Every structure is written in structure tokens, then in C-alpha cells.
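On the provided structure of chain A, position chain B as indicated by the hints.
The listed protein sequences derive, respectively, from chains A and B. For the first sequence, the numbering used here gives the first residue as 18, with consecutive numbering after it. For the second sequence, the numbering used here gives the first residue as 491, with consecutive numbering after it.
In short, the hints are calculated from the structure, not lab data. Be a bit skeptical, because a hint or two may be false.
To be verified - Stretch by stretch, here's where chain A covers chain B in the computed footprint (C-beta under 8 Å, at least three residues):
no.	region
1	558 to 568
2	617 to 627
3	802 to 815
To be verified - For the chain A half of the interface with chain B, some residues (derived, Cβ under 8 Å), not all of them:
no.	residue
4	V52
5	A87
6	V91
7	I104
8	Q107
9	L115
10	G128
11	A242
12	N278
None of the values given here were measured: they were computed from a predicted structure. Think of the CB as a built atom: it goes at the ideal place given N, C-alpha and C, for glycine as much as any other residue.
The lines below spell out each chain.
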Amino acid sequence: MAEFLQLLIIGISQGCVYGLIAMGFVMIYKATEMVNFAQGDIMMLGAFVAFSFSAYAGLNFWLALLAAMAVMAVFGALVDMVVVRRIIGQPQFSIVILTISMGFIFRAAAGMIWGPSPLSLDTPFGGTSSFAGAVIGHERLAIIAGTLIMVTLIWLFMTFSRWGIAMQAASQNQLAAFYLGIPVKLIYSGVWGLAAAISCVAGVLLAPITLISALNGFLGIKAFAAAVIGGFGSLPGALVGGLIIGIAEPFAAAYLPEVKNIIGYLIMFAVLVMRPEGLFATIYKKKV
Amino acid sequence: MRVLFKTDYNQDIRLLKHNGFRFWYGLLLLAVLAAPAMVDTYWINELTRVLIYALAGLGLMVVTGFTGQVSLGHAAFMAIGAYLHSFCLANGVPFLLSLPLAALVSGMVGLLVAIPASRMTGLYLAIASLAFAIVVEDVIIHWESVTGGNRGMAVDPPALFGYEIFQAWEFYYIVLAVLIASILLVLNILRTPTGRAMLAVRDSEISAESLGIRVARTKILAFWISASLTGLAGGLFAHFIQFLAPEVFGIVLSIQLLLMIVVGGLGTVHGAIYGAILIGLLESSISILKDWLPPAIGTQPGLEPGLFGLILVLFIIFEPEGVYGRWLKLRTLLENFPFYRRNTFKRQRSYLRTERMR
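Just chain A, same shape as in the assembly:
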């Protein structure tokens, strides 16, 4: 029982990270109909930026996190303004190739700037607690709490703020939103910025567990799988998909070690076979 609980907490915390990245991914897809295959790498950059603020500028953890979020939001918006916007209207494969190559560039750049060895970020979440026999690191709890806070904030932002509602409008129908005076281009950049900031939080929360290294960008692939499991256009679906993969992983590592690295993808293929539109279907038929 204690082992079960322990694995569950590890899984949930891991899943929250995947879920956060997947949410950024889905958010961009919903609003702009573009997929950002560089989302995992943006997360990784966010962790590096937070590390720089904390280690070189001497900020404390929370300030460093906020500063990194701001920097990454600007970065995400710039990626949209400078690169992605240019290929709007080109076929889908252009954007897939473009973003996955950007991911490789980010990874190479991070390796060049911060060096190949993993870095560790000082966080206020040291120590462990035991609960019903399970020993749980505080950094895991921090991930879960951080995710809950982020999800609530995103929900509040999307439902009640002017910008959030404009984003919803733009994601439902770009042309209509444009006619109603919503600055669609700005909204798109805003969505990219928001997604980058969310990923940055995921990266920082993950930092005490995996350390910060350029290879963390590959976690993004699991987040894509999470998005597919959840149904591509659904924010809650992305989180649930992330949790499913996250929970499956430690259990697979404990009971079926052969598949521990690929269990997430196997689940994704199973979902694609059985319910291709994902668990939380929001897919729509295309309009001519």
C-alpha cells in the first residue's frame, strides 16, 4: 500500500509536468491551429533562464521564477512574431518541420550557452514527509501544488479576463474575431507567450527532480503523446493525458521494467486504435 501510494504520488507529479507542457501545446493549437513541436524545448529553456536568474543574478527562487516566466513569455511571443507568423497559410507540414527544427536549435543553443553538464537549481522545496508509510519528497508536492495553481489561474484567465475571452474567440473563428475588432495577430503572439510561460513553470518545477539539462527538451515528446491521449483540442484533456502517462510510468518501472521508457507511447497508440479522437473529444469535422 505504501509502495502504491509512493508510486502514485511520483506518477501524479510527473504527470503534472507532462500535463503542463501539453496544455501549452494544446493552447497554441487551439488558438492558432499550429502545433508547436518545440514546446518541450521551450520548457527546458525556461528552466535554464530561471537557473541563470537564481545563480548569476542572485534572485531568490520565487523572483527568479517570475522573472523567467516573463522572459519566456516575451521569448514565446517573439518566436511567433519573428518566425512562425511568416509561414501562416502554408501547408501544415511546413509548421511541423519549422517547429521541430526550432526545437533542435534551442537544444543546441542551450547546450552551447549553459554547457553540457546538468545544472541544479536551488529550490525551497527540500526535505521529505512520510505519509501512511510512503516517503514523499516535497519537490513532488510542489509540482502538484504548482500545477493546481497554474490550472486555476489559466482557467480564471481564460474565462473572466478580456484577453482570455478574446483568445477563446480567436480560437473559435479567426475571421469573425478579426471582424469584431480583436487584434488577432497580437492575440496569437500572446498565446505563444502564455504557453511559453506555462512551460517555463513546468520546467522550473521539474528542475529539482531531473536537474536542468538540454536533453530535458525531449520530455516534450511525452507531452505530445499526452495531448493525443486527451484529445487534441482540449485543455483538461491535455492535463488528464499527462497524468495518465505520468502515473503509468513509475508503475511500469516498478512492475514491467522493460517498457518503462515507452509505456506512454504504447498508451497513446492504444488510444489511437480504440478511440482515435482522444478521451475528451473536441474534434469537429472540417469545413470546406
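Using the frame of chain A, we list chain B on its own:
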């Protein structure tokens, strides 16, 4: 400027449209046939590598260039082809049987990925193929009895009817023959209703569906052909590198294949060949570049994929038609010299066309 007079219905079907084509492609064929006699072993090996890349790129071109579905995991099919082929050779299956088998099995495995993914939009195929590549790499690492795991696996030299092939030039001709046969196959597929359906799916899934094309079936078929060709390339690649290890077939190789067809020119058979030549040049120039870069940057493991990514981004933004597209523009300019208009090749759409409905 050449004016073609149509005097025969077969003219529209012919692969070589006029004598200019016949002359230049004949010359090219002569050149590649004569190449081993004129250069030394090092260059024969380099040429062989380019030909194998071209074959793999041709495979990817079928699904990405002609059908518009991005596959981010084609290295996995190369891996399947390579490992299966070497495993068969090691167990006494003759070369001529084992190579088609490699293509067949890669194709079948490709179907396993494509069938679930193709029911949804093209993005799903991109993600599924990316995940699939990781799964394949993991399977190769763990299935030690067949693949040798991380220790790797030595590849037996190819043998035709009991005659073992050790010379570089002999292997060059085998690869060349396979490549030419595959190019002819792909060119012929493109002339069939299936091939035209692929192009239609690429240009607009909705219009294709409205015209009665079975979109999912076309995508799956394209993926199957693509995976088979890439598996074939993998089998030949196994002989080329002579020692298989899982990390050879990582995501970097997939990106390299993608780079090849994008830089060469998406949607053309020429593109795959140009891309293969360019990637061959690129690999040698990167190894030269590494020597004079400062070690902090030069020894980065991410340097190569990073550069590949940069080149891809630049091409997608500034020359989505690739080198071959640039050449076509240049040729049109020269052919109609004073009358060339700048926007002859201009892209039509510059707004985001929504494809959704709730």
C-alpha cells in the same frame, strides 16, 4: 524557349518529355555508371552513401513530399530494414531474398503506425511516427538476442549467388540499381490514380475527399510505400556502415532525412536526390567546421542537429521549394528571359485557412 507540339497522346504519359530530357538524363546515367572507374575508393564510398540517402529520402518524399504527411520517425524504418536484413543474412537467408523481406516488413510495420494515425489529421501521424521511432529504438536496445542491444551487431557482407561482395565499386552498382528501380517505381506510381490521389490529399484533404478520394486509405498507402522504400534503404545502409548500433538510428537521422527532402525540394523526385547530395556535402563540411570552432561549441553533441534545424528553418521560411524549386525558377527565368515575372511562383494563400468546425 522550347515549344512542345503535341502530336501523340502518349506524349503526356512519357517520363522523358522531349529530347533535352533524354540527352541530359542519358548523360547523367552514363556519368553515374562510369563513376567507379574514375574516382578512388573513398569517393566511391561517399557516392554510395549519397545514393543510399537518396533512396531513404525518396521513401520519405512519398509520404511527406507527395502526400503532405510529415513523418518524424523515418529513421525507425531504416533501423527495422537494417536490423532485419542483417539478422536474416546472419541466419543464412540469401541477400536477394533478405533485402525485399526487409522492405516488406518495414512496410508492414509502417502500416501499424499509419492505420491508427491516419484516421485523424496529419498532425497525428507526425506525433505517432515520432513516438514510434522512440519505441523502435527502445525495442532495439532491449531485444538483445536479435539486435545485440547496445553492444551492436556486425553485418555480413552481401553475397550474390555465392559470390561475396567486398569491393566498394561492386556494392556501388548494387545500390545504384536499387535506387534507379525505386525511382522508376515512384515515378510510375505518381502517374497512376493512386499517385494523383496522393497529390490531391497533399494539396487539400477536403477537396480530395469531396472528389471521392479515400483520404485515409491514400495516406496509409503512401506511408506503406514510404516505409518499404526506407526499409530497403536501411538494408543497404547496414552493409554500408557494417556495424549496427541503436544510436545510429536516432531522431537525428530522422531530422536529417527530413532536412534532405526539404532542402532538396519538397514534392519532387529530384528533391530527394539533390537533398542527398547536399547532406553528403553538409556532413563533410560540418566535420571540417568542428575543427576550427572553439571546443566549447565544436564538441557539443547538439551542434549537428542544431545546424540541421537552422538550415531547415531558413529553407522553410525563405525557400520552401528547396534547391530544386530555386533551379526551376532560374530555368524559367533563362527560358523566357525578358518576360519573367517575379510572382510566377508566388504562393497563393497568405492567411490562415481554418479547417475546423465545431
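Hints, one by one, checked against the model:
1. 558 to 568: As far as the region 558 to 568 of chain B goes, the hint holds, because 4 residues have Cβ atoms under 8 Å from chain A.
2. 617 to 627: Coverage by chain A holds for the region 617 to 627 of chain B (7 residues, Cβ < 8 Å).
3. 802 to 815: Our answer is that it holds, as 5 residues pass the Cβ test (under 8 Å) against chain A, meeting three.
4. V52: Because about 5 Å separates A/V52 from the closest Cβ in chain B, which is inside the 8 Å limit, the hint holds.
5. A87: 25 Å, violated
6. V91: Constraint on A/V91 not satisfied, violated at 20 Å.
7. I104: With a closest approach of 6 Å, the A/I104 hint holds.
8. Q107: At 7 Å from the nearest chain B Cβ, A/Q107 passes the 8 Å test, so the hint holds.
9. L115: 5 Å, holds
10. G128: Holds. Min distance 4 Å.
11. A242: This hint holds: A/A242 lies near chain B, its Cβ roughly 6 Å from the closest one there, short of 8 Å.
12. N278: It holds, given that the least Cβ distance between A/N278 and chain B is near 5 Å, below 8 Å.
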